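Protein chains in written order, with this note's numbering: chain A, 564 to 838; chain B, 1474 to 1775.
Hints are not guaranteed to be accurate.
No more than 20 Å apart at the CA atoms, straight line, and that leaves these computed lysine to aspartate or glutamate pairs for EDC-like [said to hold, decoys possible]:
id, chain 1, residue 1, chain 2, residue 2
1, B, Lys1633, B, Glu1541
2, A, Lys743, B, Asp1487
3, A, Lys571, B, Glu1572
If you want a taste of the chain A side facing chain B, the calculated C-beta under 8 Å gives, among others [as the list claims (entries may be wrong)]:
id, residue
4, Ala649
5, Leu671
6, Met679
7, Ala681
8, Val817
Ranges between beta-carbon positions, derived for each pair [said to hold, decoys possible]:
id, chain 1, residue 1, chain 2, residue 2, range
9, B, Val1683, A, Pro755, 26 to 36 Å
10, A, Val700, B, Val1494, 12 to 22 Å
11, B, Tyr1760, A, Arg665, 11 to 21 Å
12, B, Tyr1760, A, Glu729, 33 to 43 Å
13, A, Gly781, B, Val1683, 45 to 55 Å
Simulated from the structure, these hints should not be mistaken for laboratory data.
On a predicted model such as this, the values are computed, not experimentally measured, just so you know.
For each residue, glycine too, the CB sits at the ideal point set by N, CA and C.
Here is what each chain is made of, one letter per residue.
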Amino acid sequence: MKAGSTSKFRTGIMALISLAFILPLLFLIGTAIRTRQDYMMSPGGLPRSFTLDNIVGAWTQAGLGQALVVSLIVAVIACIVCASTALAGAFWFRIHQGRVARGLNVLLVASYAIPMVAWLIPVFVMLANARLVNNIVVAGIIAGVASLPFAIYLIHTFFRQALTTELLEAAALDGARVLKIFWYIAIPMSRPALASVVALVFVWTFGDLLMAATLLQGNPQVYTLTLAATTLSTREEVNLQGQAAAALVSLIPVLLVFMVAQRSLAAGFGAGSGK
Amino acid sequence: MQAVKRRGWRRALDGGLVLLVPAIVLETLVLFLPLVYVAYRSLYDWQPGSVSTFIGFKNYEHLLADPEFWQVIGNQLFYLLGLPLWVIAPLVVAFALREGVWRPGLFRSIYFLPAVMSPAIVGLVFRTLLATDGPVNAVLETSGLGFLAHPWLTDITYVKPVVIFLVLWASFGTGVLIFSAAFAAVPQNIFEAARLDGARFWSEFWHIAVPSVRGTVFLWAMFQLVCIFLFMFGWIYVLTGGGPGLSSATMDFFIYQQFMRFGFYGTAAAQSIALVGAIVLFPALGYGARALIETCFKRRRT
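Make a model of the complete structure from these sequences and hints.
See the structure below:
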């Protein structure tokens, strides 16, 4: 094949693969907007009816409106906690490269591999003793810390490339001290890395089930959207259309984030993978 | 001169520890201390909220004698069979997307969609799609492929392979993205040179593309390896509930159930420690295997 030309065969295969990702979404939308009878007639066929009753029903029955607010609060708290802490920590690791600093860096990043169940269960027990379960602020903070190892890694990778030694030297010669450099140089320049972290932490926290099912399961008033949608699906009186509607509603926010922040998300995953 | 200057900025920027303290405090409180606490409590007949008695390694003994525990370990090992698929599929596609494809960025974005969607929610969709009387089987029946219709999620033979393919579905786009970034960093002239020598797609792929990004291939394989132990809860909880029986349960799902549902706190703690062990052991084996392969290759070359 000549460089620069496009191949219909190759493009066709790629389009075929993308069906695997588009069809489930279309099915979800199709199921949510058709009537029950229509679905029972041909579950694999195209919808022949249109109704918004399922979505309205799921919204009112399962309290998805409130769950959406809870999810947003938890995700925003997680983003703030995670991004600010990781930014400061990663900057410190950029300017300190001794043996101790490196060891600490490895420790704080490798904690990514501590299984969530392993730390979540004792956290749950301790929070239960302190009567802090079913508290969305606490859940948000903990969700933020859960993403902290990855965020530190990502921002540190960014600083190693962008915050060059020359830049630090120049700033130090001008007499700037650590906090000043952090505030006036590091924070303004970190926007792209910060955008990646915020986008990733948002979608992870928003979609998380394990933390929500552990820390917020005691009170339906503080169910997140994911928790509400999945509990709805296990209630027998709720039909498939209602479940699909709930699932659809809970996917819309992350799909919006995906469209707006697509590039940051992709950059976040691509970070440090060049080698 | 340079050295003095360097030491100069280091000294000037000494301190600022206050920047690191929040990260250390938060990770210690939420991740490290709880892990230590679980290790400590795994030696007890742990009864949160009441009196726990020290029982030494009884929880571990009980665990090792428990056939359900070994079944879950077996499930995890079975899922690891998917590893070549999870690595090679995105690698081939990322390679093919390099050129000759109309709007490769669009395809990369579409493949990446699952990375932002909640496993639990997507699990709901697939549970419906793959139900015995669900759309997938219905389509197979009406198109004359009824012999291919199976009870995908309720049959012991099919449920694990189905999970392997769903993990592929979920991680594929991220893999494509990471491998695309790796290919972009490879000097393009080695591909051109190979093509002048008459290399076709597959030989170019195996002999040039894969070796030139083998570091990324290895890291991605390790990442997937860890993920299959770490992040399966949402999928399993919604998709199969670990069933039929325990035939699709992963360790994280099993631990959650033991703790939150059945109240076997001590054994759940011992299992958590076993899971930590698995997460240390398997990547260590991976690194060992890589070192072994590389020494073999070097010996053959000389």
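Open item on the list: Please list, smallest to largest, the hint numbers that this structure does not respect.
Closed with: none
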